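S.K.: Going down the list, the sequences are from chains C and W.
Quick note: the first sequence, position 238, residue 238 per our numbering, numbers continuous.
Quick note: the second sequence, position 115, residue 115 per our numbering, numbers continuous.
The set of hints was computed from the structure by calculation and includes no laboratory data.
For clarity, every value in this text was computed on a predicted model and none was experimentally measured.
Among the hints, a few may not be true.
Taking lysine-lysine and the DSSO-like style, the derived pairs with C-alpha atoms no more than 27 Å apart in a straight line are [to be verified]:
hint: 1; chain 1: C; residue 1: K87; chain 2: W; residue 2: K93
hint: 2; chain 1: C; residue 1: K122; chain 2: W; residue 2: K131
hint: 3; chain 1: W; residue 1: K346; chain 2: C; residue 2: K128
hint: 4; chain 1: C; residue 1: K186; chain 2: C; residue 2: K204
hint: 5; chain 1: C; residue 1: K122; chain 2: C; residue 2: K44
hint: 6; chain 1: W; residue 1: K93; chain 2: C; residue 2: K91
hint: 7; chain 1: C; residue 1: K156; chain 2: C; residue 2: K186
hint: 8; chain 1: W; residue 1: K318; chain 2: C; residue 2: K122
hint: 9; chain 1: C; residue 1: K62; chain 2: C; residue 2: K122
hint: 10; chain 1: C; residue 1: K87; chain 2: C; residue 2: K62
hint: 11; chain 1: W; residue 1: K56; chain 2: W; residue 2: K346
hint: 12; chain 1: C; residue 1: K128; chain 2: W; residue 2: K258
hint: 13; chain 1: C; residue 1: K62; chain 2: C; residue 2: K128
hint: 14; chain 1: C; residue 1: K156; chain 2: W; residue 2: K93
hint: 15; chain 1: W; residue 1: K56; chain 2: C; residue 2: K186
hint: 16; chain 1: C; residue 1: K44; chain 2: C; residue 2: K241
hint: 17; chain 1: W; residue 1: K131; chain 2: C; residue 2: K128
hint: 18; chain 1: C; residue 1: K156; chain 2: C; residue 2: K201
hint: 19; chain 1: W; residue 1: K56; chain 2: W; residue 2: K93
hint: 20; chain 1: C; residue 1: K91; chain 2: W; residue 2: K56
hint: 21; chain 1: W; residue 1: K346; chain 2: C; residue 2: K122
hint: 22; chain 1: W; residue 1: K93; chain 2: W; residue 2: K258
Here's the letter readout for the chains.
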Amino acid sequence: MQRWLASLSATGLLLCAGPALAQLKATAQNVPEIPYDSVPNFLKLPVGEYLGEAVGVATNSKGHVFVYHRSATTRLFEFDQNGNFLKEIGKGYYGFEFAHSVRVDAQDNIWTVDEGTNVVTKFSPEGKVLMVLGRRPPAVAGEVATTTGPNQPSQKYIFCRPTDVGWDPQENIFVSDGYCNNRVVKYDRNGRFLAQVGSEKAGKEPGQFSLPHGIAVDGQGSVYVADRSNFRYQVLDNNLKPRATYDNVGVGWTVCVSQGPHQYLFASNSNPNGNRPGSWAITGEIYKMELDGTILGRFGHASKEFGGFQVVHMVDCRNPNEIVVGEIESWRVQKLILKPQAAKAVTR
Amino acid sequence: MKCLLPLLLTAAVLGAAPVVAQTPVPEIAFDSAPNPLALPDDIYLGETAGVATNSKGDVFVYTRTGHPTVSLGGARAFAHGGSRLFEFDRNGKFVREIGQNSYGLMYAQQVRIDPQDNIWIVDQMTNYVIKFDPEGRVAMLLGRKAEAITIPAPPARGPQAIAGGAPGAGEQTDLFDRPTDVAWDGAGNIYVSDGLGNARVAKFNKNGVFIKSWGAKGTEQGNFGNARAIAVDARGTVYVGDGGNRRIELFDGDGNFKTQYTNIGTPQALCITPGPNQFIYSSNSNPPNDIDVAGEIYKMRLDGSIVGKFGRAGKLPKEFGTVNAIDCRNDNTLYVGEIGNMRVQKLTLR
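So here's chain C without its partners, still in its complex pose (with noise of 0.2 Å):
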């Protein structure tokens, strides 16, 4: 287990031996099921026009649904509320290459987080480039090749294959960051570091991280960091302080903290890629739980069928019962009713 977490940092790759199957199953028990519709060909497409790898989905506060994904190349499209097509943002922009994350801030601007080029970028809600964070690395200095060995010492102003971005209420800006450092970063508003904990070191203490892949920050300004290679999601204080570890709801995927004054989140225990024999028996379901990490409800799993998850990336919870998920595999976006008030309990 060490090695491979060695082998993962080293080298960031994904889709080596992975960990032991018995891992990636959550430890809570009798959770009750929420039941919950997919909205039937939510999204609509242009014809020429396909989705890739749908890693990244946000929804603005008009309901307008944005999808990152890992097209021929990296591109964002802008749905409105119904899932017709509206266009497309940073065509042929340098600060996309490889997608990760998209989310909507509180004034609607729209925030990628791109883990090819390294860049965290803050688009106008019209798509223009408000704000870059990070910096591509140069191609005429030769970095075209998979980095080995140790990772380099982390710098305050760039990342390492960063995973998300969230905020607090005061406008601070929160980065994961990411595949090859295993740190949260913390800005100011303007952009300048004000802290991080972690490095570019992986660990298990709290507040060390082992591949960070997604964060949100919730209405008090504390930070939810899915902390995906240690099985756990780590909360952390405003000043990023380690507070709190959930340990119980499988793999730290991808985290959502919905909006509204009784805030919910919203974890996912994504099936792994791959689809080994059995791992979907214990994996793909997505936890609705209450911030202090007392679990609500669960729901989904995973198959390739509409309806089912196929190693879910990325969860859009600003409405706690209309959940936007953007699956890897299946290069899919659904929208999901949820009818909490119908769960039951139900023994796996």
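Given chain C, put chain W in place with the hints provided.
M.R.: Frame of chain C; chain W shown alone:
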């Protein structure tokens, strides 16, 4: 080494501060125009390495955007694309793209406009200096792109030299190693700062015939740590931004060292205003991985005395993210191109 750079720079800044502290440099008040360039919805600036205006006030931007791409063919890998050259009118309205899909645009480094309004670009990866005529047709090429690239990249070759020559002196021809900038004297002679691989200045006549080159890697007077930027004043004096040694070196047109200015940080971008009373603008650009150091631009007289400075590193308007280009055709209305913030700012000094 790459990771040590900011530490060294920081140390240099902190360490140098007490020594440099003389009379404080006046701050020049300035404004930044909101949205100076109106981009079409499907065009995005990337790292804005070059910006320049022509005699009509049209604005040219050479930017690292799009996708540098490697094609696999035979036993070799071929790289292309990655940078684009755009033209805007004096009001910032998009006019056209120049050089799209050409062989020479990969890693934008600089754009300059000569007195005849020809558009010259310098590309750090294809090692071309390309002259486009005002209509956008290729009029002259200096340098040649490597036919193929190697992945992973081989160890850096180090500064190139002809047999027995000094490191960085380069070959006595127009083969560049990461050239950075281009300038002309009154007779139309062409000066190329070359650059970040080599450490020399190469001089050509107006027809592109190689005349001579000077400089080598080093810290002595007449040497360069790297040659980051170049400008020529009305009397033919050549100013070279020596980023590695944090100085501007002055030469006559034959490459004879005249003097140096050492109190303005790392001169990553240089511009000399036209007109009878010329000024120098020089940017002490912050390194791309840190916005908490440097970033200010100096205004100087040709004799090196400092008029004032303005700006600092950062991401807001009136802050700078690694300025790589300054256009100063108008004394107090500047265009600056930024690497870190992927934008052009139009500044008015007060």
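S.K.: All hints, please: hold or fail.
M.R.: Do the hints match the structure? See the list:
1. This hinted pair checks out: K87 (chain C) and K93 (chain W) have alpha carbons roughly 22 Å apart, not beyond 27 Å.
2. About 35 Å separates the Cα atoms of K122 (chain C) and K131 (chain W), which puts this hinted pair outside 27 Å; it is violated.
3. A hinted pair counts as satisfied when its Cα atoms are at most 27 Å apart, and K346 (chain W) with K128 (chain C) qualifies at roughly 17 Å.
4. Proposed proximity of K186 (chain C) and K204 (chain C) is supported: the alpha carbons are some 21 Å apart, at most 27 Å.
5. Simply put, K122 (chain C) and K44 (chain C) have alpha-carbon atoms about 26 Å apart, close enough for the 27 Å limit, and the pair holds.
6. Restraint check for K93 (chain W) and K91 (chain C): satisfied, since their Cα atoms lie roughly 19 Å apart, inside the 27 Å limit.
7. With a CA separation close to 10 Å, the supplied pair K156 (chain C) and K186 (chain C) stays within the 27 Å bound.
8. Simply put, K318 (chain W) and K122 (chain C) have alpha-carbon atoms about 18 Å apart, close enough for the 27 Å limit, and the pair holds.
9. This hinted pair checks out: K62 (chain C) and K122 (chain C) have alpha carbons roughly 18 Å apart, not beyond 27 Å.
10. About 15 Å separates the Cα atoms of K87 (chain C) and K62 (chain C), which keeps this hinted pair within 27 Å; it holds.
11. With a C-alpha separation of about 16 Å, the suggested pair K56 (chain W) and K346 (chain W) falls inside the 27 Å cut-off, and the hint holds.
12. The hinted pair formed by K128 (chain C) and K258 (chain W) fails the criterion: a straight-line CA distance of about 47 Å is larger than 27 Å.
13. At most 27 Å may separate the alpha-carbon atoms for a hinted pair to count; K62 (chain C) and K128 (chain C) meet this at roughly 18 Å.
14. A distance of roughly 36 Å separates the Cα atoms of K156 (chain C) and K93 (chain W); the hinted pair therefore is violated under the 27 Å criterion.
15. A hinted pair counts as satisfied when its Cα atoms are at most 27 Å apart, and K56 (chain W) with K186 (chain C) does not qualify at roughly 45 Å.
16. For the suggested pair K44 (chain C) and K241 (chain C), the alpha carbons sit about 43 Å apart, so the restraint of at most 27 Å is broken.
17. Annotation: proposed proximity of K131 (chain W) to K128 (chain C) is violated, straight-line Cα distance about 31 Å (limit 27 Å).
18. Proposed proximity of K156 (chain C) and K201 (chain C) is supported: the alpha carbons are some 15 Å apart, at most 27 Å.
19. Between K56 (chain W) and K93 (chain W) the alpha-carbon distance is near 14 Å, which keeps this suggested pair within the 27 Å criterion.
20. Restraint check for K91 (chain C) and K56 (chain W): not satisfied, since their Cα atoms lie roughly 30 Å apart, outside the 27 Å limit.
21. Restraint check: the Cα-Cα separation between K346 (chain W) and K122 (chain C) comes to about 21 Å, which is no more than 27 Å; the hinted pair holds.
22. For the proposed pair K93 (chain W) and K258 (chain W), the alpha carbon gap of about 42 Å is over 27 Å, so the pair is violated.
Of the numbered hints listed earlier, those contradicted by the structure are 2, 12, 14, 15, 16, 17, 20 and 22.
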